[in-house]
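Novice: Please model the entire structure based on the sequences and the hints provided.
These protein sequence lines are chains A and B, in that order.
Those letters in the first sequence? Residues 1 to 307, by the working numbering.
Those letters in the second sequence? Residues 308 to 443, by the working numbering.
By construction, these hints were calculated from the structure, which means they are not laboratory data.
Each hint should be verified, as a subset may be incorrect.
The calculated lysine to any residue pairs, modelled on SDA-like cross-linking and capped at a C-alpha distance of 20 Å, are [unchecked claim]:
no., chain 1, residue 1, chain 2, residue 2
1, A, K242, B, K325
2, B, K367, A, S52
3, A, K242, B, S350
4, A, K242, B, A357
5, A, K242, A, W306
6, B, K367, B, L436
7, B, K367, A, M80
8, A, K242, A, D305
9, A, K176, A, D305
10, A, K242, B, L436
11, B, K325, A, P48
12, B, K367, A, A50
13, B, K367, A, P48
14, B, K367, A, D287
Only some residues are given here: those of chain A computed to face chain B with a beta carbon under 7 Å [stated by the list, open to error]:
no., residue
15, P54
16, T72
17, L73
18, D91
Computed beta-carbon distance windows for the label pairs [unchecked claim]:
no., chain 1, residue 1, chain 2, residue 2, range
19, B, T394, A, E106, 50 to 58 Å
20, B, S338, A, S225, 42 to 50 Å
21, A, N223, B, D372, 49 to 57 Å
22, B, P410, A, G63, 48 to 56 Å
23, A, P121, B, A375, 45 to 53 Å
24, B, G380, A, P237, 51 to 59 Å
Using N, Cα and C, we set each Cβ at its ideal position, and we do this for glycine too.
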Amino acid sequence: MNVIPYVNRPAPLAWDVVTAIFGKDGDGTLLHSFEVGSVFQDDAGTTPGAPSAPLGKIVDQTGNGRNASQPTLAWRPMLMQSGDVWYIQFDYSNSRLPIYLPNAIEGDLVIAGRKGTLIVPVSYATGTTLTIGPDTYTGGVPGILRAVGGVVAVALANRPLTAAERRQVVEFYKSKGAKGLLVPGPELNTGVRNTINGDWTEVGGVVTASGTTANSNVSFNLNKSTVVGRSYLLNIPATLSKGTWFVDLGPGTGASQIGNLGDGTLHAVLLANNATSLVRVGRWTLDTAGAIGPISIRELRAEEDWV
Amino acid sequence: MSWDLSIVIIVPAELREKANRLTCALGYDNSPVPGRTFSIPLSADGVEPATHYGCRTPAKTDFVDIVAAAGNGVLPDWLDLEAYGLTEQDVAGILAINEDGRPVMIMDVRDAVAMVGHFEDVTAAYGFLRCAEAQE
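Specialist: Below, the structure written as structure tokens:
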């Protein structure tokens, strides 16, 4: 008798199984770019969605009424089609989709994208507006939507998903054009010395500025160049007496940048615009004391892309 | 008519509210008046207060036509400025030319397929950095 090895990989879910996962507690949300009849160009929901047109409203497929609608044209993302795949393209500047949550949420948020899928624990108070965009979600790491890419679906559960459910959900959205879970790769900042600018000094891997001069940034040279178009997750412990931080990936003009990062650990996802080994971290408010480091930078890719 | 264009518009901070009201009057913003289209605060060094506010928006070619005509003093017949607390002089002020010969309102038009990075390219070209943006 021939033995056919069993592969422990769930088959793509039927639509009703997904709605059961996210809809059964009454507070979940399912926003699908690919559901014909649930996407609209206008916030009133009167003009059907179309490829390469603004997305003004998307109806929650759970029946819980957690729709997303955007009354401001400039803030609407675009609904896109590539072959059989539909997705929502944010501009990462001002486009965003708000979802009003009438009840508190303690659960998992899923953002399934063309470059990778994010499943993250979230906690939102009663009456929170969960916003997807411009480049992150409410409470998320700045820039993370760039790593996700075009958004195939957004799903919210008011409970943590089980490991089995996570795999089922990922497989389902992969069948709709998303990629697998986003996974960070190995540490890229492996002991290469920092380039100190002006009043910055380095002690034990931590770079500090007295705040008495106007040198605003310090550069870190990695030993591995970034790859254009790929996403990098930065985690940088930092404190600042006032103002905000910025993080650059790449040199000056043409650098990928995220700014207005507060105190604590600076979390940011930057999309490499060029092949570079340079990370710059700095303060926009000059003459302020601060400390940075040690920095961590890891590439983010969908799990199947690491194989 | 299709959504073929990506447009970045930047206005001085003192004209922000009027520009927002104008987008409401034109039917591009259904949020409560005075609207919120121009939401991204900008300054030369990224430090508040913002000197300018910007937005990036999808658009059809008719929007460019409206702006071009308005620059020549011709406004659409259907445009009800008074209902939005605006006058024709307000519109003229937004579309005016500075003493140095540059438009008060910066506007950059691209093909819609190039929308990602459009805002950053324009702000960099004009020497602006984002200030901290208030959460919605």
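Novice: Identify every previously stated hint that the structure contradicts and give their numbers, smallest first.
Specialist: 1, 5, 6, 8, 11 and 14
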